[in-house]
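Undergrad: So the sequences go chain by chain: A and B.
If you're matching positions, the first sequence starts at 11 in this note's numbering and goes up one per residue.
If you're matching positions, the second sequence starts at 11 in this note's numbering and goes up one per residue.
Certain hints may be false.
Copies of one chain are not kept apart here, so a pair can be met inside one copy or by any two copies together.
[Said to hold, decoys possible] In silico SDA-like links for lysine to any residue, alpha-carbon gap of 20 Å or less: (1) K122 <-> M109; (2) K161 <-> G217; (3) K251 <-> R427; (4) K25 <-> D55; (5) K338 <-> D206; (6) K204 <-> K314; (7) K338 <-> D371; (8) K172 <-> D186; (9) K314 <-> D255; (10) K45 <-> K287; (11) K122 <-> V107; (12) K314 <-> D358; (13) K204 <-> A225; (14) K338 <-> E30; (15) K287 <-> C302.
Hints in this document: simulated from the structure, not taken from any laboratory.
There are 2 protein chains.
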Amino acid sequence: MSKKSTVLSVAKKAKAAAGEMALLPTSVKNAVLRKIAKDIVAKADYLIKENQKDLKAAEQQNYSKALVDRLVLNDKRIKGMAQCLLDTVKIKDPVGVVMQTFKRPNGLVIEKVRTPIGLIGIIYESRPNVTSDCIGLCLKSGNAVILKGGKEALYSNQAIFKVVQDALKGTKVPTDAIQLIASTDRAAVNELLKLDQYVDLIVPRGGEGLIRFVAENSLIPVVKHYKGICHTYVSSNANLKMAHDICFNAKVQRPGVCNAMETMLVHKKVAKEFLPKMAESLIQAGVELRGCDQTQKILKDIKKANESDWFEEYLDLILSVKIVNDTKEAIDHINHYGSHHSDAIVTDNKKEADQFLKSVDSATVYVNASTRFTDGYEFGFGAEVGISTDKLHARGPMALEELTTYKYLIHGKGQIRN
Amino acid sequence: MSKKSTVLSVAKKAKAAAGEMALLPTSVKNAVLRKIAKDIVAKADYLIKENQKDLKAAEQQNYSKALVDRLVLNDKRIKGMAQCLLDTVKIKDPVGVVMQTFKRPNGLVIEKVRTPIGLIGIIYESRPNVTSDCIGLCLKSGNAVILKGGKEALYSNQAIFKVVQDALKGTKVPTDAIQLIASTDRAAVNELLKLDQYVDLIVPRGGEGLIRFVAENSLIPVVKHYKGICHTYVSSNANLKMAHDICFNAKVQRPGVCNAMETMLVHKKVAKEFLPKMAESLIQAGVELRGCDQTQKILKDIKKANESDWFEEYLDLILSVKIVNDTKEAIDHINHYGSHHSDAIVTDNKKEADQFLKSVDSATVYVNASTRFTDGYEFGFGAEVGISTDKLHARGPMALEELTTYKYLIHGKGQIRN
Numbered sequence: 011m012s013k014k015s016t017v018l019s020v021a022k023k024a025k026a027a028a029g030e031m032a033l034l035p036t037s038v039k040n041a042v043l044r045k046i047a048k049d050i051v052a053k054a055d056y057l058i059k060e061n062q063k064d065l066k067a068a069e070q071q072n073y074s075k076a077l078v079d080r081l082v083l084n085d086k087r088i089k090g091m092a093q094c095l096l097d098t099v100k101i102k103d104p105v106g107v108v109m110q111t112f113k114r115p116n117g118l119v120i121e122k123v124r125t126p127i128g129l130i131g132i133i134y135e136s137r138p139n140v141t142s143d144c145i146g147l148c149l150k151s152g153n154a155v156i157l158k159g160g161k162e163a164l165y166s167n168q169a170i171f172k173v174v175q176d177a178l179k180g181t182k183v184p185t186d187a188i189q190l191i192a193s194t195d196r197a198a199v200n201e202l203l204k205l206d207q208y209v210d211l212i213v214p215r216g217g218e219g220l221i222r223f224v225a226e227n228s229l230i231p232v233v234k235h236y237k238g239i240c241h242t243y244v245s246s247n248a249n250l251k252m253a254h255d256i257c258f259n260a261k262v263q264r265p266g267v268c269n270a271m272e273t274m275l276v277h278k279k280v281a282k283e284f285l286p287k288m289a290e291s292l293i294q295a296g297v298e299l300r301g302c303d304q305t306q307k308i309l310k311d312i313k314k315a316n317e318s319d320w321f322e323e324y325l326d327l328i329l330s331v332k333i334v335n336d337t338k339e340a341i342d343h344i345n346h347y348g349s350h351h352s353d354a355i356v357t358d359n360k361k362e363a364d365q366f367l368k369s370v371d372s373a374t375v376y377v378n379a380s381t382r383f384t385d386g387y388e389f390g391f392g393a394e395v396g397i398s399t400d401k402l403h404a405r406g407p408m409a410l411e412e413l414t415t416y417k418y419l420i421h422g423k424g425q426i427r428n
Numbered sequence: 011m012s013k014k015s016t017v018l019s020v021a022k023k024a025k026a027a028a029g030e031m032a033l034l035p036t037s038v039k040n041a042v043l044r045k046i047a048k049d050i051v052a053k054a055d056y057l058i059k060e061n062q063k064d065l066k067a068a069e070q071q072n073y074s075k076a077l078v079d080r081l082v083l084n085d086k087r088i089k090g091m092a093q094c095l096l097d098t099v100k101i102k103d104p105v106g107v108v109m110q111t112f113k114r115p116n117g118l119v120i121e122k123v124r125t126p127i128g129l130i131g132i133i134y135e136s137r138p139n140v141t142s143d144c145i146g147l148c149l150k151s152g153n154a155v156i157l158k159g160g161k162e163a164l165y166s167n168q169a170i171f172k173v174v175q176d177a178l179k180g181t182k183v184p185t186d187a188i189q190l191i192a193s194t195d196r197a198a199v200n201e202l203l204k205l206d207q208y209v210d211l212i213v214p215r216g217g218e219g220l221i222r223f224v225a226e227n228s229l230i231p232v233v234k235h236y237k238g239i240c241h242t243y244v245s246s247n248a249n250l251k252m253a254h255d256i257c258f259n260a261k262v263q264r265p266g267v268c269n270a271m272e273t274m275l276v277h278k279k280v281a282k283e284f285l286p287k288m289a290e291s292l293i294q295a296g297v298e299l300r301g302c303d304q305t306q307k308i309l310k311d312i313k314k315a316n317e318s319d320w321f322e323e324y325l326d327l328i329l330s331v332k333i334v335n336d337t338k339e340a341i342d343h344i345n346h347y348g349s350h351h352s353d354a355i356v357t358d359n360k361k362e363a364d365q366f367l368k369s370v371d372s373a374t375v376y377v378n379a380s381t382r383f384t385d386g387y388e389f390g391f392g393a394e395v396g397i398s399t400d401k402l403h404a405r406g407p408m409a410l411e412e413l414t415t416y417k418y419l420i421h422g423k424g425q426i427r428n
């Protein structure tokens, strides 16, 4: 069988099962999620054995330590995967929720009701837990799903998929509704992206290269995020101790993720007081600072930030620092150089906070908190299939509600149009 | 100046104005909408004079009578355009509405707030009133807009645009926020579709060829509808008098539009009683019927419907008719051959109605009413920029709410992540 027909046949089977998925009662979906969670833990040895094959290949390929770390499956991580499924059980089922009801002068009653989207394609790299997280979210939201993981996690993903498929047997969830494309090349991705007749939504998760490839080649709607260039703005009205702790957390606690801070903006009035202590903490934590001219006058030993630094997602212990004249300049900088992901202000002035919240054009805008909270779990969504910096369909963490659409149900008594 | 730089500079200017648009208070937007409405009526003579140039060109090109009719601007239609703007004034401003508020265990308060999308591109054909309708909806929803009308309405669109631009002078609505691309070729459309750095959403309105071109060439998210293959299913539990009137209305009242019925499905139990009278009315109104084998046994003089008929959007006085064995067969037919636009069941059985509403995978699903009601105005939305048969972002009529996205505003007291 050719690769094309494999991807096509997978999509056809999944689409055919989507109708059944949409009608599953919540109780059935929750019972199956619990069964999968139980089986994942029970079959931990098998998962770890298969994961070893990926780790061995990664070693041979000389993958970076960070990548290898993301690949590892151990007892703790497997329990985490199961827990994520159990968390998804607890989240309210969005399907069937009546979002709005209105009655027209002619007596028509129009209900706007949440429904599953249909068939979701998720294209991702490295971490194997994405496989079970996404299966859980798609199943609970009544969608069929096609998973296409990275080649670096091929054995791990196939093993998780096998455990899930075995768990589905004898349940009312059709096994065809959850599919894994085992092919390891990008041609399979390209095939999938053309199947707009079957697939309703593509969510790519991974490096910018993958995401750009998907966005440029897909005939199917894509919800994505390219980068997380997150800012924290320390205003002249900031509690500087709070600002210090928030900035430190946003940069240092986990620098390799999309919601970590990449640029710190500081109001000129507080820069002299704030920056030396802040710099000391950051440098002690191993952070390299790159500053604007004004910053360099205060922090004399740091590198200069170039124009390109303001556009940079370091994903590392590097921070660019800029002194601004006012809140407007901070907002303009964020809207111009940022990635519309997560940006924060530290201020005790409500009016200034409101201006920032209103004018910063990002998926999540914070007052007095670390940008690190942009995350499906932290939002109380159970998990996430991704974080969107797009504005269409979904913005910010995407979980159950974001995996639904709606339809209008219209109840008449024989109304016709004049 | 090259065409490329014209489109690009238009997009840059509009994007720069989008931030200002997003912050406009409702009162300002409403006052400007009223001013435009007034000016459109006051300058009716100018609009009609410019419209004559398009009509003359249409005549020279031997355009169809239907197309020429859609192009015409007269006093009545100009008043209709103004009324549509005044209707938009009355609709609640969606911007700033708090959709949801939730508090996390760590004390973070998360608000989900409606915001404008930013810059919308609308690509459309023929009817000049689309120009003012879309300006009204984009303005009220706080978006900047780039309009690209068809060459057949070039003079009319430019005239409407000029009246709007003049009306904006001296108001707080930046004139740059509303742009018209006057170029008449598809290369300009193609340029626009690549400007994903500036344009947030593309809505194409027109024939299937235009829409497919847009969908295949756009790097920007597109919300669209290809076709309206709408069904009415006359169940064995139908009030047959009601079914007759609904089907007649859905087919005959305005056959050239997307929410008109193209296929009628009839339960075998009622076919013999229902079809002869129904056929008589339809044939009398000039409708050509095409039936399945079973239908032909009852209506002996009609043509046979081929497989391709079930996929056909006639947009004309033609109707395909099929007899089905049960509701499940009707639903399967609709989901397979339909375009997920608008489909209706006529039944007095609540359980059967619920099954139909749940299982038909369309933007609007009706019980006991004509499919002709799928329309922004009929829904009470004032007007519409289009009707979506996509599932992402918006489904069904797209008006003010569908021209918004949301962002999360997060209020903290110094929270950091562990």
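Undergrad: Look at each hint and say if it fits the structure.
TA: The hints, checked one at a time:
In the homo-oligomer, the alpha carbons of K122 and M109 lie at most 20 Å apart both inside one protomer (5 Å) and across protomers (15 Å), since each shortest distance falls under that limit. Proximity of K161 and G217 under a CA criterion of 20 Å is satisfied intra-copy only: 14 Å inside one chain copy versus 42 Å between copies. In this assembly of identical chains, the alpha carbons of K251 and R427 lie at most 20 Å apart only when taken from different copies (16 Å versus 65 Å within one copy). In this assembly of identical chains, K25 and D55 lie within 20 Å of each other by CA distance neither inside one copy nor across copies; the values are 33 Å within and 55 Å between.
When the C-alpha separation of K338 and D206 is checked against a cutoff of 20 Å, the pair qualifies neither within a copy, at 43 Å, nor between copies, at 25 Å. Proximity of K204 and K314 under a CA criterion of 20 Å is satisfied in neither setting, with 45 Å inside one chain copy and 34 Å between copies. For a Cα distance limit of 20 Å, the shortest separation of K338 from D371 inside one copy, 13 Å, qualifies, whereas the shortest one across copies, 47 Å, does not. For the homomeric pair K172 and D186, the shortest alpha-carbon distance inside one copy (13 Å) is at most 20 Å, but the shortest distance between copies (56 Å) is not.
In this assembly of identical chains, K314 and D255 lie within 20 Å of each other by CA distance neither inside one copy nor across copies; the values are 24 Å within and 76 Å between. Taking the shortest Cα distances, K45 and K287 never come within 20 Å of each other, neither inside one copy (52 Å) nor across copies (56 Å). Taking the shortest alpha-carbon separations for K122 and V107, both the intra-copy value of 9 Å and the inter-copy value of 18 Å come in at or below 20 Å. Within a single copy, K314 and D358 get their C-alpha atoms no closer than 30 Å, and across copies no closer than 75 Å, so neither meets the 20 Å cut-off.
For the identical chains of this complex, K204 and A225 are neighbours both inside a copy (12 Å) and across copies (12 Å), given an alpha-carbon limit of 20 Å. Taking the closest pair of Cα atoms, K338 and E30 come within 20 Å of each other only across two copies (13 Å); inside a single copy the shortest separation is 52 Å, beyond that limit. With identical chains, the CA atoms of K287 and C302 are at most 20 Å apart within one copy only, with a shortest distance of 18 Å there and 82 Å across copies.
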